[in-house]
Structures are given as structure tokens and as C-alpha cells.
Amino acid sequence: MEDFLNAIILFSNFVLVPATAYGAQLALGALGVTLVFGILRFSNFAHGDTMAFGTMVVILVTWWFQSMGISIHPLPTALLALPFGILATVGMLLATNRLVYRFYRRVKAAPIVFVMASVGVMFVMNGIVRFVIGPDDQRFADGERFIVRARDFKEATGMAEGLTIKVSQALTLGIAIVVVIALFWFLQRTRTGKSMRAFSDNEDLALLSGISPERVVMITWIIAAALATIAGTLYGLDKSFKPFTYFQLLLPIFASAIVGGIGSPLGAIAGGFVVAFSEVTITYAYKKFLKYMLPENLEPDSLVQLLSTDYKFAVSFVILVLVLLIRPTGIFKGKVL
Amino acid sequence: MKRLLIATAASTLIATSAFSHEINVGIILGFTGPIESLTPAMASSAELAFDEVNASGLLLGGKSSIVAVRGDSTCIDSAAATAVAEKQITADNVAAIMGADCSGVTGAIASNVAVPNGVVMISPSATSPGLSTIDDNGLFFRTAPSDARQGAVMADVLMDKGITEVAVTYTNNDYGKGLADAFEASFKALGGTITISAAHEDGKADYSAEVGALASAGGQILAVLGYADQGGKGIIQGALDSGAFETFVMGDGMKSVSLIEAIGSDLNGSIGTQPGSDGEGAAILAGMLDVGGPFTAESYDAAALIALAIQAGGSAERASIAANVLSVANAPGEIILPGELAKALQILADGGEINYEGASGVELIGPGEASGSYQEYEVIDGAFVTQRYR
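So the sequences go chain by chain: A and B. Just so you know, we're using my numbering here: the first sequence kicks off at 209 and counts up by one. Just so you know, we're using my numbering here: the second sequence kicks off at 92 and counts up by one.
A couple of the hints might just be wrong.
[Said to hold, decoys possible] The calculated DSSO-like cross-link candidates involving lysine-lysine, where the alpha carbons are at most 30 angstroms apart (straight line), are:
id, chain 1, residue 1, chain 2, residue 2
1, B, 252, A, 520
2, B, 268, B, 252
3, B, 279, A, 499
4, A, 520, A, 541
[To be verified] Chain B is nowhere near these chain A residues, computed Cβ spacing over 10 angstroms in every case:
id, residue
5, 223
6, 230
7, 312
8, 331
9, 350
10, 409
11, 417
12, 419
13, 448
14, 450
15, 488
16, 504
17, 511
18, 516
19, 517
20, 529
Simulated from the structure, these hints should not be mistaken for laboratory data. Computed from a predicted structure; not experimentally measured. Ideal Cβ positions, reconstructed from N, Cα and C, are used throughout, including at glycine.
Kindly generate the complete structure, drawing on both the sequences and the hints.
Dropping the structure here:
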């Protein structure tokens with residue numbers, strides 16, 4: 209029995225808890241991508257760098273708060289700075305919408321033109337972030353780091369295995385749930401949300417029934433900015449902030465959105481967790497886990513690892529290819545909100 | 092106006108000719124990239140040696156002075172490093188190169204640019220065993236020892252502490268792989284067990300998957316053969332956070348104050364090795380430098396060797412430098428310590444012989460690399476404390 213419990217704790221510590229937090233971060237990112245795709249009808253490649261931009265502002269405001277001694281111990285100060293980051297990112301996205309995308313909407317450009325324009329926006333944002341905060345790792349997490357520490361857990365329970373739950377992991381999950389509920393309530397219940405769904409469903413009919421397209425577009429960007437900043441800040445708190453890794457996040461985020469069915473918010477969430485859990489479970493070495501679970505004579509000698517951790521990103525790619533081959537619409541039939 | 096221009100031009104001409112001719116020497120280190128926190132101290136240490144030589148006024152009969160030309164190796168981008176070396180050799184016409192730092196870029200510069208152009212390179216910190224066997228025409232030297240030696244020293248350190256089961260993670264490049272292989276071979280030869288030897292990529296935000304695999308394999312201690320500003324730090328942070336490992340044994344790329352600042356008190360009790368010696372040279376140099384740090388002694392020595400080789404050959408010709416590096420570095424001759432470069436230049440000018448010991452106890456063996464003395468340190472109360480030298 210104790211072996212079984214140890215196995216469960218081990219699995220939770222190295223797979224369940226990290227994958228859940230990572231999944232929530234991906235889900236928030238994928239929600240932003242899917243929303244833009246559903247309403248503006250193009251894949252926004254600049255989303256990863258939008259996350260980096262938002263997080264950068266949050267970090268700068270956090271440092272400012274820290275220098276003034278403002279804190280909300282035991283929670284990280286970054287939460288206090290989050291609204292400022294969202295405001296700045298909203299401003300940034302509305303500006304790009306005005307300067308870049310509005311022109312292409314006016315000339316009714318093909319979706320691929322939008323995608324290419326978003327690649328340009330991506331490079332510009334990339335440059336701005338590096339110019340302002342630099343290409344290096346930045347530390348901005350403060351407050352309490354752990355809810356449960358492996359060492360304390362072992363002492364308290366007397367188990368051989370320890371369990372760690374970081375404050376940032378719990379915050380990620382909690383905030384993600386709140387944000388998702390708020391977003392769904394907004395889309396399903398409010399007048400604006402309904403008009404957005406109508407616009408996504410059939411643009412022409414929506415125009416006929418008197419919905420203002422510019423307003424819908426503006427609100428979409430505002431929500432996308434909020435989602436990107438929240439996702440980026442949570443990722444940075446949990447892991448670390450480095451502009452390049454945010455650019456790399458684009459791949460798992462797109463994989464999540466497509467796996468779940470691009471354009472479907474529910475799908476984005478499901479996709480985020482599918483990608484996160486596949487990445488972690490496939491690259492985890494099960495040797496110790498099986499040691500606890502199996503009788504002694506069956507203990508494995510090898511690491512029992514399906515794929516080396518070097519191939520973590522390849523997992524997202526494989527899932528992407530498989531989904532596109534077998535079920536191109538994703539788990540939840542995508543393309544409509 | 093015209094007259095003013097002519098006057099200015101004329102006076103510059105006089106000024107330069109009065110100051111004799113300047114010898115450019117390249118300093119190629121990774122001023123950006125994974126070891127950017129180490130390189131400024133290394134470069135100023137090398138420039139300190141050049142300043143000492145220039146101040147003595149004895150180089151090539153007092154008619155010459157050395158000018159350092161800095162270049163960025165980036166530590167990881169071979170193409171960028173090669174381009175920098177190319178520019179230094181063709182545009183700046185450097186007589187020799189002090190550098191490069193990381194093993195991969197050093198190998199690239201040596202085989203693509205330095206050797207074809209006949210330029211001597213003396214690296215203070217490239218430690219890959221692979222560099223011992225490159226086809227260098229006698230042009231590549233290093234004041235840092237090969238990691239084949241460091242691997243053996245690390246294995247000894249662990250065995251002396253009674254540690255027999257080790258998990259290994261290394262940065263996925265020439266340096267990391269070379270050190271990991273050397274360590275694994277020595278440790279197994281001493282009867283130890285390597286539970287896993289896994290590479291990690293630098294520059295990722297999250298190492299929980301890598302740490303998970305290492306934890307599953309188990310071991311009494313985790314050997315981290317990476318960089319302090321990169322994946323090495325991430326792995327240690329992840330292993331401590333998840334309770335996978337409590338103590339670490341670290342390679343020479345990990346000894347950086349920034350690591351202690353980032354990890355904090357949890358790093359106490361971890362151990363590591365670092366090229367270094369307890370000879371009097373190290374202490375003398377420490378007194379001369381504003382900021383010390385890993386590889387500063389080797390950097391000073393690499394720069395000093397270039398200057399002394401120029402003096403010994405009586406010429407800043409590239410071939411002449413190449414022919415004289417070994418003779419100034421090794422016995423026989425008068426032993427030279429840091430701060431005694433003027434004395435050494437005088438002896439060489441008088442036709443005598445020197446045996447440059449320098450700050451790191453320079454003794455170039457085999458294909459022109461340091462024989463290698465290592466510092467064993469432990470992290471105690473947030474500081475690197477020397478245990479002994481091996």
C-alpha cells in the first residue's frame with residue numbers, strides 16, 4: 209500500500225502538477241489565438257510576442273512596486289502589476305490593429321495576407337521587447353514560493369517521496385479557471401459577447417442585423433491582450449521570463465488551439481491540457497514509478513522513457529500532424545465560436 | 092582651413108611614428124551569450140598583461156607596443172565567431188589571438204580561420220578533450236587543461252566523499268559532451284555507477300521534464316556540467332524545487348556568483364571543480380586584479396605568453412610567435428610569475444631563457460595544453476570555499 213502511495217506521489221510531483229500548470233498556461237494562450245482566429249479569421253503569429261510584451265510591462269511595473277516597497281506578501285507582486293500590463297498590451301494591440309490590420313480589412317485581403325502581416329508585427333514586437341528589457345532571463349517572482357515543499361512533505365507524512373506544489377502553479381490554475389469562466393459568461397450571456405459570436409458565425413448576417421464590425425474587432429483585441437498578458441505573466445512566474453522562450457511557445461500554443469479545434473474556446477482549453485500532458489507523460493522516465501508499482505522481480509533496469517526530453521517540442525509537432533491527418537477540425541469541431 | 096588639415100595630418104603622422112609601431116593582438120571571448128558574466132573579468136585580466144608589457148617599454152627593443160582588439164565569440168555561434176576572427180586577421184592584421192573561450196567556437200575559429208592563416212591562438216578556457224587532437228600545425232595552445240583531466244578529478248572528488256551513484260546532466264555541446272564522457276569513463280573505472288547521462292538544451296524556460304527523468308534514474312548527487320547563466324541554473328532550480336536532488340557536483344562552467352545569487356542558501360553543501368592552482372602566482376595575480384573570477388589567471392597567462400613569444404622570437408611575425416610559445420612556457424629558464432613580465436622581457440632581450448609559470452602554473456604538455464591543476468570547492472554559507480587543490 210505504501211509503495212502504491214509513493215508511486216502516486218511521485219507521479220503527481222513530476223507529471224500531474226507540472227503538466228496541469230503548463231496545460232493551464234497553454235490553454236490561456238490558445239484561447240487568445242482561437243478567439244482571434246474565430247472572429248478576425250487569421251492565425252495570429254504575433255501572439256507569443258504579445259505575451260512577451262505584456263509580461264515585460266508587468267515585470268517593469270513589478271520592479272517599480274518592489275522599489276517602492278509595495279507588496280502583497282505572500283502573493284507575488286506581479287499580480288498587482290498585472291492590470292497595468294493588460295492596459296499597456298491593450299494599447300499596443302489596438303495600435304497595431306489601427307496601423308496594420310485595419311488597412312488589410314478595408315481592402316478585404318486574403319487571410320494569408322493577414323497571417324504574413326502578423327509575422328511582421330511579431331518581429332516588431334520581438335524587437336521592442338528585446339530593446340526595452342533585453343534578451344536575458346529576468347527574475348520578477350517574489351513572495352512565498354511554495355505551498356508544499358518536498359522536504360516538509362516527506363517529514364510530515366513519513367513517505368519516501370516528496371510532493372512540491374508551488375504558489376505559482378496553484379495561482380496559474382486558479383486564475384485560469386476564473387478567467388475561463390468569465391470569458392464564457394461574457395461570450396454566452398452578454399449582448400457584446402453574443403454579437404461577437406454572431407459575427408464569428410456569419411459576418412454578413414451580423415452586419416445586416418446592425419452589429420458594428422469595428423467594435424467587435426476592437427473588443428476581440430482587448431480580450432486577446434488580456435488573455436496574452438495573463439498567460440505570459442503566469443508562465444513567467446512559474447518558469448522564467450526570456451523573450452526567446454515566449455516566441456518558442458507559439459508552437460505548443462498553436463498545437464493546442466488546432467488539436468482542440470481552432471475557433472472553439474472549449475477546444476482551446478482541452479487542447480492545452482492534451483498537449484501539456486502528452487509532452488510531459490511521453491518524455492517522463494517511468495523507472496522509479498514502476499519500481500513502486502511492480503513486484504520486485506519485474507523491476508525495470510532501463511529508464512522506461514518513451515522519448516528523450518530533447519524531443520519535447522517534437523511531441524507538439526507530432527500531435528499537430530496527427531490531428532490534421534485524422535481529424536482536421538480538432539476535438540471540438542472548430543472554426544465557429 | 093586647408094592648412095589646419097595638413098597640420099593635423101602631419102602631426103598625427105609624427106605622433107604615430109614617434110610611438111613606433113603597434114602590434115595588434117585579438118582578444119576573442121563571449122562578451123554576449125551563456126558565459127557573458129565571466130568574460131569581462133577575463134578580458135581585463137588579459138589586457139592587464141598587455142599593459143604591463145607596454146609599460147615596461149622593453150618589447151622588441153622598446154620600439155613596439157601591443158594593442159588589444161576585442162571581439163565577441165558569442166560562445167555558441169560558430170558562424171559569428173568565425174566572422175569575428177576573420178575580420179581580426181584580415182582587417183586588424185592581428186599577430187596572434189588570445190581566445191576563444193568556449194570549446195565549440197574555439198575549434199571552429201582554429202580550423203576555419205586561424206590555422207589556414209598561420210595565426211597562433213591561445214585559449215584560456217576551451218577545455219574540450221576533442222581540441223587535443225585537432226589538426227593545428229602547432230598553432231593552437233591553451234592555458235586551460237583538457238576536460239579529460241577535469242573528469243578524472245571530479246571522479247576522485249566524489250569517490251573521496253564516498254559517493255558511488257551519480258546522475259549526470261550536461262549542456263548539449265562539445266564542452267558538455269566531452270566533460271560528461273570523460274567523467275563517466277573515470278568514474279566507472281573507479282567502480283562508481285552512472286544512473287543516467289542526459290543532455291539538456293540551454294536557454295529554455297522550464298527544465299521540469301529533464302529533472303523528472305534525472306529524478307527517476309536516481310543517484311546520491313547530481314552532476315551538472317553546464318553553464319551558470321543558462322540551463323545549468325535551470326536544472327539546479329528545478330531539481331531543488333521538486334525535491335529531486337539536494338546537492339550537486341558542478342563543472343567549471345558553473346562557478347559563478349550569479350548562480351549563488353539566483354539559487355540562494357539551497358546551494359550550500361554542493362561541490363565543484365575549477366581549473367586553478369595554489370601556487371604563489373595565483374595569489375599575486377589576485378592582488379593585481381580589480382575583479383577576480385574563473386579563468387582570469389588563464390587569461391592573463393595566455394596574453395603574457397603571446398607577448399613573451401613575440402619577444403623571444405624578436406619579431407611580431409605570426410610564424411615566429413608560433414615557434415616560440417612552447418620555449419617561453421616551459422623549462423629550462425628563469426621562473427616568471429605574474430607582475431614580472433618586465434623582468435622576463437629583459438632576460439629574453441639579453442638572450443636568456445625563461446620558464447613562464449604565471450598565475451596558473453603554466454606547463455604546456457602534449458599538443459600545447461596546460462597539464463592541469465584543479466581547485467576543489469564547496470559552497471558554504473553562500474560562498475565558494477576552496478577545499479584543496481588536486
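So, going through the hints one by one against the coordinates:
1. Simply put, residue 252 of chain B and residue 520 of chain A have alpha-carbon atoms about 36 angstroms apart, too far for the 30 angstroms limit, and the pair is violated.
2. Using a Cα cut-off of 30 angstroms, the hinted pair residue 268 of chain B and residue 252 of chain B holds, with the two alpha carbons roughly 24 angstroms apart.
3. Among the hinted pairs, residue 279 of chain B with residue 499 of chain A is consistent with the structure: their alpha-carbon atoms are about 24 angstroms apart, no more than 30 angstroms.
4. For the hint pairing residue 520 of chain A with residue 541 of chain A, the CA-to-CA distance comes to about 27 angstroms; that is within 30 angstroms, so the pair holds.
5. The non-interface label for residue 223 of chain A is inconsistent with chain B: the shortest C-beta to C-beta separation is roughly 7 angstroms, within 10 angstroms.
6. Not every C-beta of chain B lies more than 10 angstroms from that of residue 230 of chain A, the closest at about 7 angstroms, which undercuts listing it as non-interface.
7. Consistency note on residue 312 of chain A: stated as away from chain B, and its beta-carbon is indeed over 10 angstroms from all of that chain's, at 33 angstroms minimum.
8. For residue 331 of chain A, the shortest C-beta to C-beta distance to chain B comes to about 19 angstroms, beyond the 10 angstroms cut-off, and the non-interface label holds.
9. With 10 angstroms as the threshold on Cβ separation, the claim that residue 350 of chain A sits away from chain B holds: the shortest Cβ distance comes to roughly 13 angstroms.
10. The Cβ of residue 409 of chain A lies farther than 10 angstroms from every Cβ of chain B, with a closest approach of about 37 angstroms, so its non-interface assignment holds.
11. With a cut of 10 angstroms on Cβ distances, residue 417 of chain A stays outside the contact zone with chain B, its closest approach being about 45 angstroms.
12. Under the 10 angstroms C-beta cut-off, the non-interface status given to residue 419 of chain A relative to chain B holds; the minimum distance is some 40 angstroms.
13. With a minimum CB-CB distance of about 5 angstroms to chain B, residue 448 of chain A fails to clear the 10 angstroms threshold, and the non-interface call is violated.
14. Under the 10 angstroms C-beta cut-off, the non-interface status given to residue 450 of chain A relative to chain B is violated; the minimum distance is some 6 angstroms.
15. Residue 488 of chain A, annotated as away from the interface, has a beta carbon of chain B within 10 angstroms; the closest lies near 6 angstroms.
16. Taking the minimum C-beta to C-beta distance to chain B, about 16 angstroms, the non-interface status of residue 504 of chain A holds against the 10 angstroms cut.
17. Its closest Cβ contact with chain B, about 6 angstroms, brings residue 511 of chain A to no more than 10 angstroms, contrary to its assignment away from the interface.
18. Consistency note on residue 516 of chain A: stated as away from chain B, yet its beta-carbon is not over 10 angstroms from all of that chain's, at 7 angstroms minimum.
19. The non-interface label for residue 517 of chain A is inconsistent with chain B: the shortest C-beta to C-beta separation is roughly 5 angstroms, within 10 angstroms.
20. The claim that residue 529 of chain A lies off the interface holds: its Cβ sits roughly 21 angstroms from the closest Cβ of chain B, which is beyond the 10 angstroms cut-off.
In terms of the numbered hints stated before, the structure departs from hints 1, 5, 6, 13, 14, 15, 17, 18, 19, listed from lowest to highest.
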